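Engineer: Residue numbers (my numbering), protein chains in the order written: chain A, 1211 to 1527; chain B, 18 to 455.
Treat the hints as calculated values from the structure; they're not laboratory data.
One thing to keep in mind: the hints can contain errors.
Restraint-style ranges between C-beta atoms, simulated for each label pair [as the list claims (entries may be wrong)]: (1) B/D252 x A/D1381: 14 to 22 Å; (2) B/G129 x A/Y1276: 57 to 65 Å; (3) A/T1376 x B/A96: 27 to 35 Å; (4) A/F1353 x B/T177: 27 to 35 Å; (5) B/D295 x A/A1348: 55 to 63 Å; (6) B/R61 x A/V1251: 20 to 28 Å.
BS3-like, lysine-lysine: derived pairs with alpha carbons at most 27 Å apart [as the list claims (entries may be wrong)]: (7) A/K1522 x B/K176; (8) A/K1488 x B/K176; (9) B/K438 x B/K176; (10) B/K223 x B/K176; (11) B/K247 x B/K176; (12) A/K1382 x B/K247; (13) A/K1522 x A/K1382; (14) B/K223 x B/K247.
Stretches of chain A that chain B covers, calculated by requiring three or more beta carbons in the stretch to come under 8 Å of a beta carbon on chain B [unchecked claim]: (15) 1282 to 1291; (16) 1493 to 1504.
Keep in mind that this is a model prediction, so the values were computed, not measured.
Note that the Cβ used here is the ideal one computed from N, Cα and C, for glycine as well.
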Amino acid sequence: MAAETATPFKSRPVQAPYPPGSKPKRKRTWTRYRLMRYYVVPWLFMIPILGLHAFVVVIPALQGVYYSFTDWSGIGEAEFIGLRNFEELFFEDQSYIDALSRNVQWMIFRVTIPFAFALFGASLLARVKRGAMFYRTALFMPFILPSIVTATIWRYLYNPRYGLPTLVGYDKALLGQSDTALWAIAFADNWQFWGFLMVLFLTAMQGIDPVLYDAAKVDGANRWQEFWNVTLPGIRPVVLFMMMMVMIWAFLVFDYVFILTGGGPAGATEVISIDIYKNAFQRFEAGYAAAQGMTICLFAGLVVSAFAFLRKRGWDI
Amino acid sequence: MLKKRLILLATLVLLAALAAGAATAQETVTVWAADDETGSCWARLLVDTFPRDDIEIEVVLQPGSSLVDAQRTALQGGAGPDITFSHGPSFMLELANAGLLLSLDHYADEYGWNDRFAPWALDLGRVEGSLYSLSEELETVILYYNRTVFEENGWGIPKTMDELYALADAIREAGLVVMGPAFGECAPCYEWAVSVFLSHHAGPDKVYEALTGQRPWTDPAFVEAITALKDIVQDGWYMGGLDLFFSDTFQQAHSLFGAGEIAMSFEGTWMLDNYQRDYFGEPGGNMNEWDWFAFPTAFSDEPHFIIGVGSSWGISQSAQNPDAAAAVLDHYYSTGYQAESHGVCGNAPAPLIYEGDVFANADPREARLYQEFGQASAAGNYGYTSWSFWPARTNVWLWEQITRVYDDQLSVEDYLAGMQKEFEEEFAEGLIPPIPAR
């Protein structure tokens, strides 16, 4: 039945709905009908969303590609300058290279700490029966808070006069030092994000066949062995998919950095998106900013390609 | 006969209706304002006080802090408000060069703006001799001080840089922080101190020469100035330490200033209204008083000020009713509206020539500021704010890279060499805002 629905032309027997003598005409009509129904009408329904997608995504994206090869200031006419922006980006602009390295640091943090928190939290919560919903809601709650709210909370939590540092007798501002600021922001971001990952992992864990845990118990597996040999393989596709997404998102980080430090102190938290913002809106170098944006697409493409390659090699992604 | 009379009557009624319609037809002028207390206040005041019935001012309150960015994008798309707003001359220069602003020359003649504005302020809006924008919000950076704390400790007002250094030592000996604020929320605000030190340490004449391409930014006088600034920042004048200077908020710094834990605040004149309203006396939960003095110079004991404007206004090239927009601007830049906006909304007045006792109700400390500022300007004792006189890319370098100097990641010499490089490029591209002749 399912096959019938998927391939109606082959599986559905064509009955003769036409009287004798008018077969050729009727056949043409039926062919046109099938063409309309299966090839034209679906696209008619798709036109609004395709049109919207073209205007909102495709055309601006193509414009972005074009502007990356120009010296556009963000207003007025743009002059085509070929690969000059990319040449400057990769061979002359040290601040871009520094920003890129911070994005990579951010990515490493993001695929380790929040994942560890989320896997640990999910494996604990999977066994909780009473009040499970309360715990899940409480831990998920930060994810639905606006970044400005969360960032402001953390700004006060980090204050060395009355915040968390005072609890351990530390009197320096974590956000005000070059060597601690990026990690302080990443941790604040982690606090908001790991609950989301945890809920995803928890949902995936609930899909694991309980028989596997029973079998593990019969074999004498302890909690760690259950987690390592049953839970983790069972949720591996979700973990790897989220890892891919998180790696892509790491190149887009903006809000927390912008709110908490604006790229400071002394450029210590300047990631690519902050650099793009400054170039586009403060230095009036929108063409150069577009080129920087193109590199983010390139890095995202590299991440996706790497995962696609691993999938081809037989990884369960 | 009756039919003719009926036709005549109908015609008269129709004409009367058309005339009435024409009489009530209004031209609309759109203005965007930030959706905050100040933005909605001046916009409401503008609508309420505008005297002409044939023009309707449509105010669109824009949420968020990126009003200028949103407007820039809209203008590029052929939309946006009729009356455009931007951060200042260098931003308006970009819009004018892109052909997005209307020339205001004939409106300046029609409404007499050439006689109404301070000449240097009007010159800031000119591009290749034509007027494209009008400056608003007269700004400078001064040293506010906690007068109560000063009186308790017997500290006097410093008139020279040396006296300021001695005062800073005395403040620290008393266990207080020398000055605020902190810039954890505002990266561009680092430009305030750089602007002051370039003009008050190296001297405004040298800055003028640099801005007009006659002297490089790598000049030893500028190296000395930036080194002096770096030394006081690293010495903990600001907030007691570099980490707090980099990360604390304005509110924290101003609260500590009001409470007397910070002795001085190196702030802009836009805080004149806020200190009294929010941080001192009953609103601040203390019994303290504040006052101000001009930041001393290294070469004179007379008060000097850096001059600047907070923002600029112009008319969009795509404005439907440019004449009506000019009429709105004319009202906005009237001394009456400016005085009322200052009194009601706390806005800094536009750089107009004020005659008579327009600011009679102003706080005496504020009145003294405008008086001394006027006298200093007339005597040539004025320097330059980077946000009004530096081209965009050079200015971003100025405030962005100075933090690396403070953090010892960049030498003063390399900082100024980078500024010179950016400046040379923009100078060659003709992107330097008009620099009033000294």
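Engineer: Looking back at the hints listed earlier, which ones does the structure fail to meet?
Structural biologist: Violated hints (numbers, rising): 2, 3, 4, 5, 6, 7, 8, 9, 13; every other hint is consistent with the structure.
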